[in-house]
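Chemist: Here is what each chain is made of, one letter per residue.
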Amino acid sequence: SQKIEQNSEALNIQEGKTATLTCNYTNYSPAYLQWYRQDPGRGPVFLLLIRENEKEKRKERLKVTFDTTLKQSLFHITASQPADSATYLCALDGGNQGGKLIFGQGTELSVKP
Amino acid sequence: GAGVSQTPSNKVTEKGKYVELRCDPISGHTALYWYRQSLGQGPEFLIYFQGTGAADDSGLPNDRFFAVRPEGSVSTLKIQRTERGDSAVYLCASTPGLANTGELFFGEGSRLTVL
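Protein chains in written order, with our numbering: chain A, 162 to 274; chain B, -15 to 99.
What the hints contain is simulated information worked out from the structure, not anything from laboratory work.
A few of these clues could be false.
Claimed, not checked - Now the stretches of chain B that chain A is said to cover, found in silico as 3 or more residues with beta-carbon under 8 Å:
1) 20 to 31
2) 88 to 96
Claimed, not checked - Using C-beta positions, here's what the derived DEER-type ranges look like:
3) R48/B with R203/A: 37 to 45 Å
4) D47/B with T183/A: 31 to 39 Å
5) R219/A with G12/B: 26 to 34 Å
6) E170/A with E55/B: 40 to 48 Å
7) R212/A with A(-14)/B: 41 to 49 Å
Positions of the beta carbon are idealized from the N, C-alpha and C atoms, including for glycine.
Take these sequences, add in the hints, and give me the full structure.
Modeler: Following this line, the structure appears as structure tokens:
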């Protein structure tokens, strides 16, 4: 079965710096990968989707890369702000034709002013 | 409603009791998903529906867990003979079709505590 690993330790950075979060997976290559943001006590909120034939995708201050050789996705937040503090979840397709997503355990990001 | 609605938001029950958790998806969304999230972990897939039928129930942990979606809209997750290990946040999500067409829209979750 697919295994997903995200930075298990919380990431603490200074406001204005770039935050980089890692998502590694094993086994089969997913057809697509998604990133979600989750605030305490709330449901996850979708941020970006990147497909296997795309190397990079951007949305405002967010950038996602997808390296199918390394089996890794990197998620970058540039010019980080304290409001970016949250847990970020990586999710991969479940490897069949259905819509199931497999989630990583998440990385907690804290941006200090 | 505008988003996915889940009720109750909090449920405290005793070991051995029966629990129902309800999910009202975004109007018109055909696919509905149930996930379970324990503290410090990512959401764990339980089951998903396309319309009224369960398209994949491979994540249900055992036969104490059951979910229905009789009219292709509202879904109910049912847990029989609850155990302390069932304590978690149960998340529901919906999409217009399959997830590979875009994002999952999540509700705020139902926090279940089994004493």
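Chemist: Output the indices of the hints that this structure fails to meet, ascending.
Modeler: 3 and 7
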